[in-house]
Amino acid sequence: MTLKVGILGIQGDLEEHVSAAKKAIEDERLKGDLLIVKTPHDVEAVDGIIIPGGESTTMGVLASTNGTLSKLSKRLSEGLPALGTCAGLILLAKRSQDRVVGPTDQPLTGSLDIEISRNAFGRQRESFEAQLSVPKLGNEPFRGIFIRAPLITSVGRKVDVLSRIQEGVVAVQQGNIIGTCFHPELSGDTRLHRYFLSLITRDA
Amino acid sequence: MISLVGIPARYTLEEVSARDSSLSTRGTVLVKRGFAHMLKHGVIMDVTNVEQAQIAEDAGAVSVMVLDKLPYDVRKAGGVARTASLKAIDEIMSSVTIPVMAKCRIGHTYEAKVLEEAGVDMIDESEVLTPADEERHIWKWNFTTPFVNGARDLGEALRRISEGASMMRTKGEPGTGNVAEAVRHVKVVNNEISRLRSYYLSGDEQELVKAATEFKVSYDLVYETARLGRLPVVNFAAGGIATPADAALMMQLGCDGIFVGSGIFKSDDPSERARSIVLATTYFDDPKVVSEAQRMVDERKSMLGMDIKTLDLRMQERGVES
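From first to last, the protein sequence lines are chains A and B.
Read in numbering that gives the first Met the number 0, the first sequence has 161 at position 162, and its numbers run on one by one without any break.
Read in numbering that gives the first Met the number 0, the second sequence has 178 at position 179, and its numbers run on one by one without any break.
Hint data in this document are derived by calculation from the structure and do not stem from the laboratory.
There may be inaccurate statements among the hints.
[Claimed, not checked] Footprint (simulated), chain A over chain B, 3 or more residues, beta carbon under 8 Å:
| # | stretch |
| --- | --- |
| 1 | 33 to 42 |
| 2 | 58 to 66 |
| 3 | 82 to 89 |
| 4 | 141 to 153 |
| 5 | 236 to 248 |
| 6 | 309 to 319 |
[Stated by the list, open to error] Below, simulated SDA-like cross-link-like pairs (lysine to any residue); rule was C-alpha separation at most 25 Å, straight line:
| # | chain 1 | residue 1 | chain 2 | residue 2 |
| --- | --- | --- | --- | --- |
| 7 | A | K70 | B | K86 |
| 8 | A | K70 | A | D26 |
| 9 | A | K70 | B | R158 |
| 10 | A | K70 | B | P286 |
| 11 | B | K86 | B | E133 |
| 12 | A | K3 | B | D284 |
| 13 | A | K21 | B | G228 |
Glycine included, each C-beta is placed from N, C-alpha and C at the ideal position.
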């Protein structure tokens with residue numbers, strides 16, 4: 000069986016996710032095709048979807064204009080496996096507000112029962128790298144790259160916390176949906192992408 | 000993966016030792032170049048005030064660039080063009096959620112420090128402003144805030160990366176509404192990269208060494224560019240983009256995203272134009288959507304374009320000798 004892994008291709012670092020997912024597929028000795036998803040029709044064709052880093056407002060505005068966001072939201076509620084990183088996490092969240100600007104009425108899929116504080120650590124000069132403990136991925140620390148990153152400020156009862164730092168929760172999972180405040184596609188460590196693939200193959 | 004080529008040894012050592020400790024580290028090359036990667040496939044819009052910044056954000060811009068005057072007005076006003084008022088920058092930073100950039104003069108290390116203190120997310124060392132140093136650009140490795148620079152050819156681009164630029168853009172000819180120079184610059188860079196790529200594929204390292212001498216940059220940087228077949232940092236189009244079709248053209252030529260300067264707020268339909276350029280940038284590979292985007296704007300409302308040959312001031316020639 001060939002997995003069809005989609006990458007939401009509206010805006011952001013999709014190429015970095017394509018190469019990270021490709022490497023993860025090789026590491027797991029799976030067969031898979033990577034598809035760039037830009038329309039509701041594309042959303043229908045995939046077995047799992049990665050929502051990359053970028054600007055969540057840009058992705059939300061464009062994805063809601065052509066119906067991609069509502070189609071995505073529907074498939075996520077039916078159990079489509081998803082990995083959202085940074086802006087991708089925000090797009091998956093139920094509620095989001097900006098640390099400085101306050102509540103935003105940006106379009107979201109509302110699939111993860113969490114609340115997000117955008118730009119929680121500050122501006123770009125406060126962006127950072129740090130070693131994270133992600134027990135689900137083993138004992139080896141995971142290099143977290145946080146770029147104008149959000150923070151998960153509250154989690155619903157059905158949400159598992161995958162990683163936490165001093166300031167709060169930075170990675171979660173709810174059913175088939177994984178979300179991270181950091182960028183696993185930039186650290187050269189494919190463990191998180193491999194874990195995401197395991198959610199697709201488990202369902203297949 | 001993000002290419003980490005070109006970092007002077009001293010900075011690499013600092014980063015490696017920081018990485019080995021469990022503490023968090025700011026301003027690493029990965030974090031700075033990574034920021035530019037998050038802007039890809041997006042549009043960055045020049046703005047002068049909060050109202051324009053909000054129009055840009057609502058239209059789906061990935062970032063705004065704050066100026067005192069739009070390039071078209073800089074050209075008309077003449078005199079010395081400097082960095083924007085910090086008051087305007089502060090107001091915009093507290094009213095939009097997207098990243099905020101600002102321009103500093105070429106070689107003006109202290110304007111850049113002031114912008115870093117103010118907290119802008121990226122600094123554009125820009126030829127739109129009057130250069131402060133005719134011989135040298137800013138040494139950008141010392142900054143926590145990432146920089147973007149303009150270039151007309153591969154040598155210029157690689158020299159800026161050697162000085163620590165985390166992102167590149169074409170220079171084009173700012174404030175003209177004429178895309179021709181941006182097209183020329185991206186084609187020059189693409190052709191030079193194809194030449195390096197062919198040396199790489201045929202294993203001709205001596206020609207790569209010659210190219211490094213010609214460009215006045217390290218062999219490693221030339222080799223990495225040849226291996227990747229593209230610039231090792233994110234590369235946007237800039238300088239003269241005024242319509243959705245202009246943006247789609249630049250994306251089709253291989254740019255990672257688009258800067259629009261005067262094109263939006265010097266037109267008579269800024270909201271529609273901003274939205275249509277964002278749409279055309281994302282769906283550049285689908286002529287149907289680009290045509291839909293082009294339909295959202297009215298050519299009679301486009302900014303008046305200028306012929307490059309008749310210009311008194313060619314901003315692109317600033318900061319080329321070094």
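How the hints compare with the structure:
Note: the stretch 33 to 42 of chain B has 8 residues with beta-carbon separation from chain A under 8 Å; the three-residue rule is met and the coverage holds. Interface restraint, the stretch 58 to 66 of chain B with chain A: holds (5 residues with C-beta to C-beta distance below 8 Å; minimum three). With 0 residues having a Cβ less than 8 Å from any Cβ of chain A, the stretch 82 to 89 of chain B misses the three-residue criterion, and the hint is violated. For a cut-off of 8 Å, the count of residues in the stretch 141 to 153 of chain B with a CB near a CB of chain A stands at 3, and the three-residue condition holds.
Residue count for the stretch 236 to 248 of chain B with a Cβ under 8 Å from a Cβ of chain A: 0. That is fewer than the three needed, and the coverage hint is violated. For the stretch 309 to 319 of chain B, the stated coverage by chain A is not satisfied: 0 residues place a CB nearer than 8 Å to a CB of that chain, which falls below the threshold of 3. Restraint check: the Cα-Cα separation between A/K70 and B/K86 comes to about 42 Å, which exceeds 25 Å; the hinted pair is violated. Of the pairs offered as hints, the one joining A/K70 and A/D26 is violated, with about 31 Å between alpha carbons and a cut-off of 25 Å exceeded.
As the CA atoms of A/K70 and B/R158 are separated by approximately 46 Å, the hinted pair breaks the 25 Å bound. Under the criterion of a C-alpha separation no larger than 25 Å, the hint pairing A/K70 with B/P286 is consistent with the structure, at around 23 Å. Restraint check for B/K86 and B/E133: not satisfied, since their Cα atoms lie roughly 28 Å apart, outside the 25 Å limit. For a cut-off of 25 Å, the pair hint linking A/K3 to B/D284 stands: about 21 Å separates their Cα positions.
Proposed proximity of A/K21 and B/G228 is supported: the alpha carbons are some 19 Å apart, at most 25 Å.
The structure is inconsistent with the numbered hints 3, 5, 6, 7, 8, 9 and 11, although it conforms to all the rest.
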